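Chains as they are written, first to last, in this note's numbering: chain A, 6 to 347; chain B, 245 to 626; chain C, 822 to 1268; chain D, 102 to 353.
This list has only true hints and no planted wrong ones.
Here are the simulated DSS-like pairs of lysine-lysine, each with C-alpha atoms no more than 27 angstroms apart in a straight line:
#	chain 1	residue 1	chain 2	residue 2
1	B	459	D	243
2	B	609	D	243
3	C	1132	A	59
4	C	1154	A	66
5	D	230	B	459
6	C	1159	A	66
7	A	312	C	1043
8	A	59	C	1229
9	A	171	C	1110
10	B	459	D	219
11	A	66	C	1235
12	C	1229	A	66
13	D	208	B	459
14	C	1235	A	171
15	C	1159	A	73
16	C	1154	A	73
17	C	991	B	326
18	C	1105	A	171
19	C	1044	A	312
20	C	1227	A	171
21	C	1229	A	73
22	C	1235	A	73
23	B	459	A	132
24	A	73	C	1227
25	C	1229	A	171
26	C	1235	A	59
FYI, nobody ran anything at the bench for these hints, they're computed from the structure.
It should be emphasised that the depicted structure is a prediction, and the values quoted were computed from it without experimental measurement.
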Amino acid sequence: MDAILLQILNGLDKGGAYALIALGLTIIFGTLGVVNFAHGALFMMGAFCAVSIKALFTLEKVVLDPTKLTAWGTPMEIRTPYIESWFGDVGVWMIDYSVPLSILLAIPVMLFIGVAMERGLIRYFYKRPHAEQILVTFGLAIVIQELVKSQFGANPIPQPAPDTAKGMLDFGVMIGFDAGNVVYPAWRLIYFLFSTLVIAGVFAFLQFTTFGMVVRAGMADRETVGLLGIDIDRKFTIVFGLAAVVAGLAGVMYTPILSPDYHMGMDFLVLSFVVVVVGGMGSLGGAVVAGFLLGILQSLASMEEVKQILPGIDQIIIYLIAVVVLLARPRGLMGRKGMMEG
Amino acid sequence: MVAIIKKQSDLVLLLCFAAAVLAGPVILQPFGAGYPDLLQKFAIFGIFAIGFNILFGLTGYLSFGHAAFLGIGSYTAVWTFKLLSMNPLPAVLLATLLGGLFAALIGFISLRRTGIYFSILTLAFAQMSYNLAYSVLTPITNGETGLQLRQADPRVLDVAFGRDYGAVLPSSDLFGIDMTGYPGFYFCAAVLILCFYISMRIFRSPFGMMLRAVKSNQNRMNYTGLNTRPYALAAFVISGMYAGLAGGLLAVTDPLAGAERMQWTASGEVVLMTILGGTGTLLGPVIGAGAIKYFENIFSAFNENILLNTFSFLPETLQHAVVSVASLFVGEGWHLTLGALFMVIVIFLPGGLMEGVRRFGVLFKRKADSDGPTETQPASAE
Amino acid sequence: MANFTKVSRRSLLRGAAAATTALAAPTIFTSKAWAAGYTNEPKGSTVTLGFNVPQTGAYADEGADELRAYQLAVEHINGEGDGGMLNTFSSKALTGAGVNGKKVVFVTGDTQTKSDAARASAKRMIEKDGAVMITGGSSSGVAIAVQGLCQDAGVIFMAGLTHSNDTTGKDKRANGFRHFFNTEMTGAALAPVLKNNFGTERNAYHLTADYTWGWSQEGSIKKYTEQLGWNTAAAVRTPLGAGDFSQYITPVLNSGADTLVLNHYGRDMVNSLTQAVQFGLRDKQVNGKDFAIVVPLYSRLMAQGAGENVKGIFGSTNWHWSLQDEGSKAFVKSFGQKYGFPPSQAAHTTYCQALLYADAAQRAGTFRPSGVGKSLEGFKFDGLGNGPTEYRAEDHQCFKDVLVVKGKENPSSKFDVLEVVEVTPRAQVEYPASLLGGELGPYNDGA
Amino acid sequence: MASILSVQNVNKRFGGLKALDEVNLEIEPGTVHAIIGPNGAGKSTLLNCFVGRLTPDVGTVTFEDHSLIGLAPHEINQLGVSRVFQTPEIFGDLTLLENVMIPYFAKRDGAFSLNAWKPMAGQNDVRGKAEEMLADVGLGEKHAMVANSLSRGDKRRLELAMCLVQQPKLLLLDEPTAGMARADTNNTIDLLKTIASRGITMVVIEHDMHVVFSLADKISVLAQGHVIAEGAPNDIKGDPRVQEAYLGGAEI
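Using the sequences and the hints, build the whole thing.
Shown next, in the form of structure tokens:
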């Protein structure tokens, strides 16, 4: 039982990431009608916001020590982060908390990137065929990815969680299990909590603001939303920025779980598309439900007990679910008719 | 009258195409692409893209899983080499058939949906094939290493006809002509020309028109008494056979079949080739395939030394500056160039490179002569 | 196709003429320019080597390091720079005047860590650029694929970073040579160290990348640890590139196992190790013992990606820059001075391979594959950083000492993440060539 | 005379809403039969039951001797039923000529034919037929244009040509003049009259009473899923139930 519970927890934080990426993707689909293959790249850029902040915090003062030599004969460098020498303990604390602090940077940066992308490129593609949208955003994703690679290299860059969140939490005790049965990494619980908060935030934003109402109207019927607004263009831009921020935040907070590298966007791209489609194109609730569902099923399928009956099932489970769902429910779990079928 | 002119122009197109393909080694020499392996790849991926275009260009169904058929073709061909004979003909034949068979199976299920749902279904099938081929199906596919020939393979037909390859690892040969190097290219080139001809016939047939009607308006088709599903499925199977054939040829020229041929990025590649060249045009996919393979093989080969030599006419500081900028785009940066190229093409030439050619042609024509308006061709499929 | 409707008869004729030329072309090109010689026999004053490394994809950094090492090797062979390990190498055939009187030049290609792409770029270097030897790579699948190609084409293949047994086992080829060690040696070298540190009563849980190298690694570790008396609790296969391994790690928590063996490499290793530590496995106590994590194949470049998670974790490696023998010091010095940071094991093995090839060709007096091969077979040498080493004739595998390393507790710089725990002597990791099967077959010199 | 299309006891519900309630209808061959009724009366639902887009919950729809229940749209068309839509459904990316050739091929070669090896260039008879048809509806000059570039009225004419080239036994028209200017409407009425004079049976759904009374031989009035009245145009004009259904019925 606790084994299954642990797997469900695994599924929940995996699903949290899936849901956050898929959420932005599906908002963009729904309102702008754009198939954004650069969405994975947005997630990756979010993660690299964390990398940049860490790099900034750990900018080092380099003092050459001529008394010691490196193995290749140059003077040894003694490095101390500026921030540590300036702020002392506060500086140390800032470095320790660099991942959560990155959120502060990621929000404006991702908003800017999203807005720039929409203004500079995406808006010219609203009326173009999906195939062209795919190609241009895919091209953009490659360009972004390669630029990141030329800056940060191809290897993963570790981003540890703050010391206090590094340990394990006895989650089982909180929900009535015996101590020690369901212990789970604190950071992963934080991630799950964080993703639900962001999801709730997005829903609340769309539910309770006039802006959100316009967006929802747009998702329901893109034709009429054009008739509604005076300033539909700007709303679209903000929607895109919002989706970029959501993807970016998912990326920032995921870095302690998965050391970021330039390619991580592509790895999540296909997956997040499957999530969106399984959930139903243009359905916000569908994206969230499908994200968590796929996360959990993927975790359960990886259990040795399951694999003994169905060898290799963990390799294909995601795609198998996609096939089954699409055949049983033509428009995904919560999709509506006519969305993206042309 | 119009019909007759058209027939002639098609013949001219075919002959020019054949001539250009066969003269490939000479034409491409100055561009550094005139060596057998790349020429073979041009031809093979040309076939793959032509086939994909029959599905995507005509019916508009965007498959993200065609690499699966390419992989299946390769595995089939290598197994044919191992079990039956090193002659490429049975291998290519069986690869085509099996590609078609799997396409029929996957197509039958996937075509129950349209639009992006269809794309995701094909993607799902291809990714399942890839993941399984890499791991659980290793006894059949030899997993990561890829399926290879062995000296000890049975090759029953070769044995029956008394062919003995001795102690060396055999390579594929067509009745004594080794299928590596230039003969291999000419074999692929012949198949490419044949495939181009078939695709041309399909484009110019009522069937081809029906496929374009599928893309244009399925609803109208249904109420016109046409069953769209078999049309789409036929196109899917034909393109699957093209993919299987291409996969078979990959194995003929280089008898090794690896699982990564089936990965979604490989499926994406053929989509890019088709769009880059010009979706729905006859020549476009071949050109697109050539462009991408050229980038992959030639741009990736530039390294700092070559760049430094190229710009050695510049003063040294400038030379280093230019090289450091240029090296972003070549060598390990060739992906960047490719991505930027996609964007530029889609933004400025949505019809792909063929639209560029057409625009250029129009410009040229306007300048050269103004002998009245050219007749609008009834078939827009070019 | 409007613009083709107006093609004139003349241009048609031109096309036909071109086609005729093309048909004639194969006889021009395949008239066996190298008849009686061997593939790409160098005729001029230079000899071309092909460096085939991953420049894109997950191993791009490793590939870049390999390329740096190759450039350094070429410099040293041609007599530029400080000479590096040429000064410590036991064979003195190379004098810094190129090889066989020819200056060494090189071409590069991108393997993308895909067999197809690797073979395509190797073919380009052979067919177009006239490379007489291909070397490099950062995975076994690619190494085996390219090795097969080089055998068919008639050039020598000097494998780069490839750790699977198959490269010089089941899939070995006469034209292929490997300096790097393999999973069998890792198992043999690690086992005694594991015994000393963790005892003989351990219950091990394997997580294994689900492809040939992973299985090979899992098999070797199982074999040698079970000989010690360890029990294997479970061996679970994980998909390549799984990213998040939590669903494979949680079952370890309550499995009763007290040791986790991560048969992963590259990004998989970084992720699974990071996450295993996140799940508290490094600090866990099971059956009254401290829980242990083992990473059989370490790569310093990759270990950097796992950050502080590698602290205290055992593994093996082919070479490490902190070694204090003369060869290693010379190499680290010339590499560090040129690039500003120490070389990785990938850089080391590829540098050695380039030197070994050049030296063998010099001693053989030819670049003919069979000639070079014969002079590599059974070649005993020293001074390249791994102590006395032998290229075994039976399987073209180098036999040398194996390093057992541990993640360093107090690194002095970001490159200083591993410390050498033990150098397992060569005798202990040697095995009979027949153990791994396969057939070398005859050399192929090409047509 | 036996009816060409016979609708008996047809019921259709959408959730709690009863769209069609015990509808009976007999269409006689060679007539123009108009179905009128206020918005939401169930006209389009009924039409969709004829062409296979919807399947009635209860009841039968028989065309000649074939039950249409459970048949796919293309099978129904192959029996000889063609349909013109409210918003023209045409092959927008194809030329006018191709638009008309396709239905002819469908009629000649059936619902699916793998004629991939026959060149279009050899299909002069089909081409001739299509050109003739286009000329008939007044689009002969534009045969090489791409259909999307036509005006709305021309698109409707094209769609009509596409149906007529099949020589249907029954032609279903869903508001053939919706959104047209008066002059265009009159042209269409003339065109439809010509078609009717060739003996093609037509069922017309229409709001515009001017059109209905110019064309129809017989009219059925639908309201809330019932047929409330049926008869010759003059009978319908005077029927108080019809006037009531149209709320004041000033238009009649």
